[in-house]
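In the order they appear, the protein sequences are chains A and B.
Position in the first sequence counted from 1, then plus 17, gives you the numbering used here.
Position in the second sequence counted from 1, then plus 107, gives you the numbering used here.
It is worth saying that the hints were derived from the structure and are not from the lab.
From the three backbone atoms N, C-alpha and C, an ideal C-beta is built for every residue, glycine too.
Any given hint could turn out to be false.
Stated by the list, open to error - Straight-line Cα separation of at most 25 Å, SDA-like style, residue types lysine to any residue; simulated pairs: (1) 58/A <-> 154/B; (2) 94/A <-> 120/A; (3) 213/B <-> 109/A; (4) 94/A <-> 116/A; (5) 169/B <-> 94/A; (6) 69/A <-> 213/B; (7) 263/B <-> 58/A.
What the hints assert, rightly or not - Example chain A residues on the side facing chain B (calculated, C-beta under 10 Å, incomplete): (8) 29; (9) 32; (10) 72; (11) 73; (12) 80; (13) 104; (14) 110; (15) 111; (16) 119.
Unchecked claim - Which residues of chain A face chain B? A partial, calculated answer using Cβ under 10 Å: (17) 28; (18) 59; (19) 61; (20) 62; (21) 78; (22) 82; (23) 93; (24) 96; (25) 99; (26) 102; (27) 103; (28) 108; (29) 114.
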Amino acid sequence: MGIQWVMNETTQFSLRMDPELIRQVDEEAEQEYKTRTELIKEALMRYLQEKKEKERLKKIAAELWLQGELSESKLRKVLSHEEIQDLSFGKQWIEDVLHDVRR
Amino acid sequence: MMFVADTGALLSLGCSSHFQLVLKEYTLYITPAVEEEIAAFASYDDFLGLKAAALQRISLRKEKPKKLLPLNLENAETEVFSLAIEKHCSALSDDIHAIRIATQKKIGISIKPSFYLLLLLYKRKKITKEDMVQDIKFVLVHRNWLHGALWEYALKQIEEL
Chain A
18 MGIQWVMNET
28 TQFSLRMDPE
38 LIRQVDEEAE
48 QEYKTRTELI
58 KEALMRYLQE
68 KKEKERLKKI
78 AAELWLQGEL
88 SESKLRKVLS
98 HEEIQDLSFG
108 KQWIEDVLHD
118 VRR
Chain B
108 MMFVADTGAL
118 LSLGCSSHFQ
128 LVLKEYTLYI
138 TPAVEEEIAA
148 FASYDDFLGL
158 KAAALQRISL
168 RKEKPKKLLP
178 LNLENAETEV
188 FSLAIEKHCS
198 ALSDDIHAIR
208 IATQKKIGIS
218 IKPSFYLLLL
228 LYKRKKITKE
238 DMVQDIKFVL
248 VHRNWLHGAL
258 WEYALKQIEE
268 L
């Protein structure tokens, strides 16, 4: 089943969801006196805000590590192994690029 | 001097106030997959969407690599790195993860960040240090956490150049 989603501004798109999930959304919306669209929009916004907040914390941890003010063991509490590998590689890569430019 | 650029690098350079100068001084190649990604970005009516739409109006040189390297990366990155190898030039990318994977494969590829071209313009005295720093700061606003942290790290060192 598809639903039409009208955004506040100008973009409209259709969204496909399982009937069971739509039923749960509708039940939740009814309990909260909201429309289906309002509920999905709020949930999505909350998800994006939480993700943004997590990324903000990751960025702070990464910056502190890059400045030598956070140990790798503490960095591991915030970043995944793969993310630490990328960050560590990125630091060396940037230093190499800048060294290349300085020559 | 020529480079093969991926979508992220092009969008970053597209945010630069010296993008026209970059295009005048350097030859930028894209690949069919990069062109598709730019078109996908351009379908959104937001800041990056508008930048992508502006990129579509520029006649960038498009070429498909004859052979794709087995990099296990997304299509666009694989095409960009493969074409850079074939053309014996550097690739431009800001995708740290893809760059790490490609570098670890030891395929002998040279990959530079998008701001490298601004650094070259500065080194060649085509733009001032203030212009370069201002451009990089503007690009930083639209970077995710990893690139944001790394680019700020780079910016601090660039300011000391």
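Outcome of the hint check:
no.: 1; hint: 58/A <-> 154/B; verdict: 21 Å, holds
no.: 2; hint: 94/A <-> 120/A; verdict: 38 Å, violated
no.: 3; hint: 213/B <-> 109/A; verdict: 16 Å, holds
no.: 4; hint: 94/A <-> 116/A; verdict: 31 Å, violated
no.: 5; hint: 169/B <-> 94/A; verdict: 43 Å, violated
no.: 6; hint: 69/A <-> 213/B; verdict: 34 Å, violated
no.: 7; hint: 263/B <-> 58/A; verdict: 39 Å, violated
no.: 8; hint: 29; verdict: 12 Å, violated
no.: 9; hint: 32; verdict: 17 Å, violated
no.: 10; hint: 72; verdict: 4 Å, holds
no.: 11; hint: 73; verdict: 7 Å, holds
no.: 12; hint: 80; verdict: 5 Å, holds
no.: 13; hint: 104; verdict: 6 Å, holds
no.: 14; hint: 110; verdict: 7 Å, holds
no.: 15; hint: 111; verdict: 5 Å, holds
no.: 16; hint: 119; verdict: 7 Å, holds
no.: 17; hint: 28; verdict: 7 Å, holds
no.: 18; hint: 59; verdict: 21 Å, violated
no.: 19; hint: 61; verdict: 16 Å, violated
no.: 20; hint: 62; verdict: 16 Å, violated
no.: 21; hint: 78; verdict: 8 Å, holds
no.: 22; hint: 82; verdict: 8 Å, holds
no.: 23; hint: 93; verdict: 15 Å, violated
no.: 24; hint: 96; verdict: 9 Å, holds
no.: 25; hint: 99; verdict: 8 Å, holds
no.: 26; hint: 102; verdict: 7 Å, holds
no.: 27; hint: 103; verdict: 5 Å, holds
no.: 28; hint: 108; verdict: 7 Å, holds
no.: 29; hint: 114; verdict: 6 Å, holds
Figure legend: structure checked against the earlier numbered hints; hints not met, in rising order: 2, 4, 5, 6, 7, 8, 9, 18, 19, 20, 23.
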